[in-house]
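I would like the entire structure built from these sequences, with the hints used as guidance.
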Amino acid sequence: MRRHLPHYLMIAPFLILFGAFFLYPILSGLVYSFFEWNAVSLGDFVGFANYFEIWDSRDFGRAASNLLVYISLTVPLGITTAFLLALLVDSFTGRWANFFRSAYFLPVALPAFLAATIWRWIYAPNLGLLNMVLGWFGIPSVNFLNDTSTMIYALIAVDIWVSAGFNMVIILAGLKNIPKELYEAARLDGASKLQQTLFVTIPMLGPVLFFVLTYGVISAMQVFDTPWLLTGSSFISYGGRRNALLFPVMDMMGRAFGSVSFGQAAAYGFMLTIVIVLITLVMFAIRSRLSRQ
Amino acid sequence: MKISVSATAVTTPRKVRAVSIWLVAKWIAAFLVALIAILPIWWMINVVFSVPGEPVSINPRLYPTSLGDGWAKISMVLTETEYFRAYLISLLYALLTITGVLIFGSMAAFEFALFEFPGKRTFFAIVMLSLMVPTAVTIIPTYLLTAQLGWLNTMQGLVVPGLSSAFGLFLLVQFMRSIPRDMIEAARLDGAGHFQIYWHVVIPLSKNALITLAILTFIQTWGNYMWPLIISSDPQMYTVGQVVGLFNSPLSHHTVDIVMTANLLAAIPPLVFFLIFQRKIVEGVAMSGTKG
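Same order as they appear, the protein sequences are chains H and V. Numbered according to the working numbering, the first sequence terminates at residue 293, and the numbering increases by one at each position without gaps. Numbered according to the working numbering, the second sequence terminates at residue 1292, and the numbering increases by one at each position without gaps.
By construction, these hints were calculated from the structure, which means they are not laboratory data. One or more of the hints may lead you astray.
Derived pair list, reagent style EDC-like, types lysine to aspartate or glutamate, alpha-carbon separation capped at 16 Å [said to hold, decoys possible]:
{"no.": "1", "chain 1": "H", "residue 1": "K193", "chain 2": "H", "residue 2": "E181"}
{"no.": "2", "chain 1": "V", "residue 1": "K1026", "chain 2": "H", "residue 2": "D90"}
{"no.": "3", "chain 1": "H", "residue 1": "K180", "chain 2": "H", "residue 2": "D90"}
{"no.": "4", "chain 1": "V", "residue 1": "K1207", "chain 2": "V", "residue 2": "E1283"}
{"no.": "5", "chain 1": "H", "residue 1": "K176", "chain 2": "V", "residue 2": "E1283"}
Partial selection, computed: residues in chain V whose CB lies under 7 Å from chain H [said to hold, decoys possible]:
{"no.": "6", "residue": "F1084"}
{"no.": "7", "residue": "F1104"}
{"no.": "8", "residue": "F1115"}
{"no.": "9", "residue": "P1141"}
{"no.": "10", "residue": "M1226"}
{"no.": "11", "residue": "V1244"}
{"no.": "12", "residue": "G1245"}
{"no.": "13", "residue": "S1252"}
{"no.": "14", "residue": "V1282"}
{"no.": "15", "residue": "A1286"}
All residues carry an ideal CB built from backbone N, CA and C; glycine is no exception.
Listed below in structure tokens is the structure:
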């Protein structure tokens, strides 16, 4: 034990912080989720009441259905865009490859909250950049962020604007790791460019695409900053018109800091986590089945 | 051999034309996407550097029209609003977070990457598993813990809960694993103690990874909106993200060019970092994906 002491001393600061600000909160959150919350302190034990209350609430239904639409569009569209951008950048060499890669990555380097605060003005009715461009083609002004039929698409566009560059860089690194001989062999077998992409690039990128997909789903499940800042951006008002941009984490934060129901908010976090963990496990299971075949 | 040569010679003219159309389309696509990526940022800059009150319909704001007005807006935002204070708070928040993440992360990574001791695998596995746990589940109880400690509206409340970065540990361990054990043995034979090996051998060798982690941590902390939103409820402790949020909120009474000035000021530090350290940032992001 004494021989190993220096090792433990070196990892101690990290592990203590990790225990205090990561492990402990998870456990205490689990406990809180079964309690009522009186203003500033823990109240009565209520069993699963917090969970049922969330489940039965209208906001939860709204947030869940918004999330479903959002994820089923933003994840596939985002990854396809990133993949195409990676192929595009990869087809250039030298200075131009660097230039396009940097240009596409630029939105990622900005602070995450800024995407929403720039785009909310691009989306502005009448005077916004987007409506001005549409106006050139005779299209009447659209109030993108206040029209329930466009709001979620406006969010998805911002989302892809930000995430495409991030995923592109990861996919590009994967592309560089594919041995050139494989393409050579495919070409000698008479495979076209498209066939090479479908039967060499995509299978070889399997693990990278899986990472991008899993990471994309997990972060999309927790979307907060962008829809929050595209709508009311305060605990009094969020989610936008008819809650068309209300998402689970926003709903959770609102319950905690708007209506001071910390017990419910803690329960909300656990419900979300259970869903996220289940989805991740299913994805891993599908992946291992696919790779076995 | 001869046959194939003559075959390519015959098909060459057609192939060249097909290739060049493809090539032109590719270049157009590449520039179009670059335009979409850059235009919103470029537009933001042009709105700042324009004459106030000038209608957008007259000036589509595709180029800066008045540098003087731009500087006037920037100095107005910095002097007449709470922006400058928020700037300093965000800078301090980022610097302290970077320092802590680098020190605690590199100390732990040093052990996890280069030595064997009982419990190592278990500890490391637990920390790595935490990468899978969503922030949604920890944020509320971590807030309550911070509140119980009396750390609301304090710098330690902003910084300390974010110091044990599992991602940072992962990045550094990946890097330090490639350090040859011989170098450590050689230092030990020269009489260096455990801490000296860490400080004088491993830290200098890991400089690149540490710089990458520092930059990624800066961009992430500077852009963190959610944590300061709940920890700093006192306007005296607002970070840049919160102030920018206020400028942009539907209740804000600022005009679009002032709002864009606030946005631009928030964008400058990470943009400068990006222009200087592009390669390191891109490599760091790529590494998180391909080795994960």
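Outcome of the hint check:
Among the hinted pairs, H/K193 with H/E181 is consistent with the structure: their alpha-carbon atoms are about 15 Å apart, no more than 16 Å. For the suggested pair V/K1026 and H/D90, the alpha carbons sit about 12 Å apart, so the restraint of at most 16 Å is met. Distance check on the hinted pair: H/K180 and H/D90 sit about 13 Å apart at the alpha-carbon level, within 16 Å; holds. For the proposed pair V/K1207 and V/E1283, the alpha carbon gap of about 14 Å is at most 16 Å, so the pair holds.
With a CA separation close to 12 Å, the supplied pair H/K176 and V/E1283 stays within the 16 Å bound. Because the closest C-beta pair between V/F1084 and chain H is about 17 Å apart, greater than 7 Å, the hint is violated. Hint status for V/F1104: holds, given a least beta-carbon distance of 4 Å to chain H, under 7 Å. Hint on V/F1115 holds. Least Cβ distance to chain H is approximately 6 Å, under the 7 Å limit.
Satisfaction of the interface hint for V/P1141 is found here, the shortest Cβ-Cβ separation to chain H being roughly 4 Å, below the 7 Å cut-off. Taking 7 Å as the C-beta contact cut-off toward chain H, the hint placing V/M1226 at the interface holds, the least distance being around 6 Å. At its closest, the beta carbon of V/V1244 sits 6 Å from a beta carbon of chain H; the interface hint therefore holds under the 7 Å criterion. Hint on V/G1245 holds. Least Cβ distance to chain H is approximately 5 Å, under the 7 Å limit.
Using the Cβ-Cβ criterion of 7 Å, the hint placing V/S1252 at the interface with chain H is not satisfied: the shortest such distance is roughly 10 Å. Annotation: V/V1282 was flagged as interfacial toward chain H, and the flag holds, the nearest CB pair being 5 Å apart, inside 7 Å. Given the 7 Å rule on beta carbons, the hint for V/A1286 holds: about 4 Å separates it from the nearest Cβ of chain H.
The structure shown violates the earlier hints numbered 6, 13.
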